[in-house]
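**Student:** Okay, here's what each chain looks like letter by letter:
Number of protein chains: 2
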Amino acid sequence: MVEEKKISMAVIRRLPRYFRYLSDLIKLDIKRISSKELSERMHITASQIRQDLNCFGGFGQQGYGYNVEYLYDEISKILGTNKRFSCIIVGAGNMGNALANYENFARRGFDIIAIFDVKKEKVGTVINNIKVMHMDILPEFIKTHHVDIAMLTVPNNKINEVATQVTELGIKGIWNFSPTDLRLDNGTIVENVHLSDSLMVLGYRLKESRENHNH
Amino acid sequence: MVEEKKISMAVIRRLPRYFRYLSDLIKLDIKRISSKELSERMHITASQIRQDLNCFGGFGQQGYGYNVEYLYDEISKILGTNKRFSCIIVGAGNMGNALANYENFARRGFDIIAIFDVKKEKVGTVINNIKVMHMDILPEFIKTHHVDIAMLTVPNNKINEVATQVTELGIKGIWNFSPTDLRLDNGTIVENVHLSDSLMVLGYRLKESRENHNH
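Those sequence lines, one after another, are chains A and B. Residue numbering for the first sequence follows numbering that gives the first Met the number 0, beginning at 0 and increasing consecutively. Residue numbering for the second sequence follows numbering that gives the first Met the number 0, beginning at 0 and increasing consecutively.
Keep in mind the hints are simulated off the structure, nothing from the lab. Ideal placement from N, C-alpha and C gives every residue a C-beta, glycine not left out. Some hints could be false.
Covered by chain B, according to a simulated footprint, are these stretches of chain A (three or more residues, beta-carbon under 8 Å) [said to hold, decoys possible]: (1) 9 to 17; (2) 104 to 115; (3) 196 to 205.
Generate the whole structure from the sequences, applying the supplied hints.
**Tutor:** Structure below.
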């Protein structure tokens, strides 16, 4: 078991990627891998990999490489992939629908137990076997159900109001899909998803590649 | 104008975030900002900010801070936010719908000009004023329309086939929403979106916060 020490958020944010690659290696029945091979697969430098993985105790052995399953297990423990989280979706629009239908989440420990919206035409509809309820019911729902995470896919002009509301009801985690970088001073943990950021990087890389071709 | 030099991808990936924060500062009519103030707003260390922004020529002045508008303009130029990119969506499911309805993309220079799917019940429907066409029409469409980016929201078991198909038709950029880390050896530029990664980080942070409370 890995020694408990503070791992930087920069490293933590890279762990899900290691986790995915290691899980692929396990599927391929690969038992051990050098930082060089892992580097080639993941397109990260080998020195970055060694640095990241040394952070929590150095699983690698000189001349042997990493034991894939051990590394996978340790990263799983750090990330807490064996934990389960109860989630609700607020906003039953397209993005809410997409999230409710995403198979991967349940497999990773995130169970979507309810969907809420304020629109009459949404309330009562069923998305992936979950009935959409009116936001008015949320306080009552929270009394009878434990909820860890609210996934917010509401319009940008509603995000602050909805985020305040769900945290006042005691929800500790928010997964925010609005373009606003949500920050709450009440200790709520927020992860913001910024799809445009990724698209802008793609645009940059395309522009660079064009310019290089024209030289 | 910034001197042309190679900026690392790690820095590039952080630029959209600076871009968003600077655009907010401009809206608030803030003319200049110190790395310390920017650090507090963005929750990045001031030294990281100085390092990042020094990469492309150091816009900051001792005792004055950064000129917000100048910095915004320079980052815009680097990212190429004044460029326009023609995009198609392949896969008219929930995620495809969500992307087609995302207002921000057009504002950032990404125009969605067509949507494709293979399912009979999708073809002919209209999403945000764009008619969904059958994938069979794609080759003909590409002959008459310039397309920079294919946004792929197809099922995971179709992703390799579809990615190969669109790149063989000459599309140079792929925005991939399938869980597979797509890599193509034909020079295509790919950005993979991994929503689960962000959710796993949220799970980690919730777990940590619980454990700290229990100590």
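**Student:** If a hint holds in the structure, say so; if it does not, say that too.
**Tutor:** Do the hints match the structure? See the list:
no., hint, verdict
1, 9 to 17, "holds (count 5)"
2, 104 to 115, "holds (count 4)"
3, 196 to 205, "holds (count 10)"
This entry satisfies every hint, going by the numbered hints stated previously.
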